[in-house]
Amino acid sequence: MNTTKPDILTILDTRILPGESKEVNFDVANLHTSSPVNVPVIIERAKKPGPVVLFTAGIHGDEVNGVEIVRQLIAKGLNKPKCGTIICIPVINVFGFINLKREFPDGRDLNRVFPGSVDGSLASRVAHKLINEIVPYVDYIIDFHTGGSGRFNAPQIRIVKEHKELNDLAKVFAAPFVLYSKNLNKSFRNTCYKLGKPMLLFEGGKSFHIDESVTNAGVNGAKRLLSHFGMLNIKYKAKPSKKETVFINESRWIRAHFSGMFRASIPISSQVKKGDVLGHITDPYGKLNHEVKATNSGFIINVNEAPIVYQGDALFHISKKLKR
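Here the working numbering is used: the first residue of the sequence shown is 132, the next is one more, and so on.
Simulated from the structure, these hints should not be mistaken for lab results. Ideal Cβ positions, reconstructed from N, Cα and C, are used throughout, including at glycine. There's no promise every hint is true.
Keeping only pairs whose Cα atoms sit at most 30 Å apart, straight-line, the calculated DSBU-like set for lysine-lysine is [as the list claims (entries may be wrong)]:
1. K313 to K153
2. K373 to K207
3. K178 to K302
4. K418 to K374
5. K207 to K178
6. K313 to K207
Okay, the calculated beta carbon distance ranges per label pair [claimed, not checked]:
7. E422 to N169: 30 to 36 Å
8. S280 to A160: 22 to 28 Å
9. T141 to P167: 21 to 27 Å
10. D414 to S312: 33 to 39 Å
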């Protein structure tokens, strides 16, 4: 990939010279009160040329742990590169973030409307602006997400199979797990894939929650990537992961056979054997005590932390086949 960029980088109609720091606004629409909504895009350029790396979070407004990871990158000065350019967008879906909702005010999931349209819905216009006014100028993208409501994801990178560069970058990031998964139609990841822009999608934690271990995994992975690109500021060191990354070819959900009160009895990231008891479903009257058991041996990469579940609800995400 060509990492030599022109001296002047123009993003959102703003010129950023080598060695400059700029905060530009990613504006699409005002609130219904006519109050402006500013979505800050924080750009740091080194004097020395190099790759352009984009860190994004908050595509879903309730996924605050991803926002916290990008916030820490900025607050700690990790976004000030030794070479090249780092662009940070901590909250893409600021409308959802304001209202603590996953979707946009129009009810649409931003991650299902890419590449968007200049005259489409509000979510579609945001997607279009991101894809047309920022993504063309970047070389690599790291997009931070969390699990859904009540479902806690172990820190993991999601990529497609049979893509050598993404596999190599995932090894460098060194999250506890790498889950091979297909690109979803009209997602940010799929659109960037079609544009030839390598993206690592990070998942960790759950919505409306900030977890220190997940945050650390995201920040440390970002440091390793920046070090790999020669961009990490000399004030910082990227420490190798203490554990080897587990690459997962196939996984499945273990679902509830009964409705009731649910309690998991094993921690996230545990390695279990087929038949191990993972949790219990009970009823309020002391008559039901159902053991939820592992359907196969593997690693637990997601745990449902909801206290009440219904028959058919996903309780545990377990690896099925590992990459050898």
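Are there hints from earlier that the structure breaks, and if so, what are their numbers?
1, 4, 6, 7
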